[in-house]
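This is what each chain is made of:
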Amino acid sequence: MLDALTDPFAGEIGMRALAEVALLGLVCGPLGAWIVLYRQSYAAESLAHAALPGLVLASLAGAPLLVGAAGGLGVAAVAIGLAGRERRVGSDTAIAVVVTTLFGLGVMLALRPEVPARLGEILFGDPLSVSGADLAATAVLALAVLAALGAFHRSLSLAGFDPQAARSLGVRPERLELVLLVLLAAATLVAVGALGNLLVVAILLAPGAASLRLARGMGPSLALAACLAVAAGVAGLYASYYLELAAGASIALAAVATFALASLVPALRPRA
Amino acid sequence: MSALVTTKGLRGGYAPGTDAISEIDLQVEAGQIVAVLGPNGGGKTSFFRALLGELPRRSGSVEIEGRVAYVPQTERARLDFPVSALDVAAMGTYADAPWYRRLPERSRARASGALELVGLQGEASTLFGELSGGQRQRVLIARALAREARVLLLDEPLGGLDRASASRVGRVLDDLRATGRAILVATHDINDAREADRVLCINRRQVAYGPPEVLDAQTLERTYGGELITLPGGGQAVVVQHHSH
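Line by line, the protein sequences give chains A and B. Per the numbering used here, the very first residue in the first sequence carries number 50; after that it's consecutive. Per the numbering used here, the very first residue in the second sequence carries number 39; after that it's consecutive.
This is chain A alone, in the form it adopts within the complex (with noise of 0.2 Å):
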């Protein structure tokens, strides 16, 4: 029984993508239910997809899929940013278009033969592919994130609770946004190797949406979707060992059960 729990992780390749789903569910947990209560589910499919042309060229340059995401994501945030200011056919249709736009961009790029063999990793991930330096990557990007977000929970939650007193409480709504967005993309950052363009999303909002139904209160719930993100990480691993599925789509899955399941236990919330 106990073999049957390590064999998945006895390598030094199974180690790795144990240690790194483990940080990308440290932090896309809790991020992810302030994502998901300061209504930003959208933005964070929006900016995933829209780095997919950053990604691309990174392949097609050799150059690490780190690298091409910052550059992508860059270029998506101040897309998406100023496309957030079209108020003659709406925001959300204008995002829409900008992220269609980019999404096609990095399609058209990823389909030239002379781009490597790539695109299923960029587009589903591979946690199982993950070096070294990835991981060191990931680690000090997760514990920036997981500290930003300590530093700001207060001003996090009065600007999303009560956006209209938040700023004669000395709280600017317009700036902890925008401070959720950064840390959004320093996310996907690092999730986007392992998980991929499409699925990181997943990861980002399932779990945290799961625990916000859970769990009662701020903390339990930051702390359960924590722990239902890793939770998923791992579940998804072992499904990949076992049933031989890729891994990235079975965490995806996985994460997305989570929220599946919470759903169906409402009961477990008490009632005052």
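The set of hints was computed from the structure by calculation and includes no laboratory data. Check before you lean on any hint, since a few could be wrong.
As the list claims (entries may be wrong) - Per label pair, the in silico range of CB-to-CB distance:
#, chain 1, residue 1, chain 2, residue 2, range
1, B, Gly151, A, Gly219, 50 to 60 Å
2, A, Arg224, B, Ser99, 26 to 36 Å
3, A, Thr150, B, Tyr138, 37 to 47 Å
4, A, Ala272, B, Ser150, 17 to 27 Å
5, B, Gly151, A, Arg224, 22 to 32 Å
6, A, Val146, B, Pro249, 21 to 31 Å
7, B, Pro142, A, Val116, 37 to 47 Å
Bear in mind the structure is a predicted one, so any value in this text is a computation, not a measurement. In this text, a Cβ means the ideal position worked out from N, Cα and C, and glycines have one as well.
Given the coordinates of chain A, assemble chain B onto it according to the supplied hints.
Okay, now just chain B, sitting in the frame of chain A:
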């Protein structure tokens, strides 16, 4: 008695060339409740924003003794946010420490004490969204008290409350008046305004300010214009057109 709020010729606004409020002259003493009466879009919230320093001021002056706190309508707050009554009250103490530092224990104690003042110490761990409308209003008042504010600005605190809840909130306001705070209450309700110590009638500009006796038919007509209707029997009421801010 000392004046906690003094405005002289206050004029301000956001849009170029258009004043949201003008000619506001008033003096609010410690221990007074002032009803701010006016139609939707008449400048009640803008006046509060001016007192908070958030409305660009074009002329005139504002002087406030001590801290000022804004108590919004409860439906403006997010009921699905997983924060307890104590968490919300503690938000009033956030200025005690920089954003990156832990709140000192005395801040939490002050928030707890504020909940006790509004009679909600037993609901400290209840989620804000699970409280009744009247309890939520009292929690937001507790947040203002935790801020140690001497001047409270309440935006339609009795709106949407049943008679019992409104009465409970009213008693809390009376208790606060007795502690020497100045309380300004934006309201549509002419009868509520008649219970206050002073009434400010506002429709973009100050129509009247004084004791409740200023609320005669002519003042109400100038304040509300077409929104004022006369009821059978001679009473007057205001047709409230709800709008989003």
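Evaluation of the provided hints:
Roughly 21 Å separates the CB atoms of Gly151 (chain B) and Gly219 (chain A), a value that falls outside the hinted 50 to 60 Å. Range check, Arg224 (chain A) to Ser99 (chain B): Cβ separation about 29 Å, and the 26 to 36 Å hint holds. Range check, Thr150 (chain A) to Tyr138 (chain B): about 38 Å between beta-carbon atoms, so the 37 to 47 Å window is met. Taken as a hint, the range 17 to 27 Å holds for the pair Ala272 (chain A) and Ser150 (chain B), whose Cβ atoms sit roughly 23 Å apart.
A hinted range of 22 to 32 Å holds for the C-beta pair Gly151 (chain B) and Arg224 (chain A), which are about 30 Å apart. Distance hint check: the CB atoms of Val146 (chain A) and Pro249 (chain B) are about 59 Å apart, inconsistent with the given range 21 to 31 Å. Separation of Pro142 (chain B) from Val116 (chain A) is about 43 Å and conforms to the stated range, judged on CB atoms against 37 to 47 Å.
When the structure is compared with the earlier hints, violations turn up for hints 1 and 6 and for no others.
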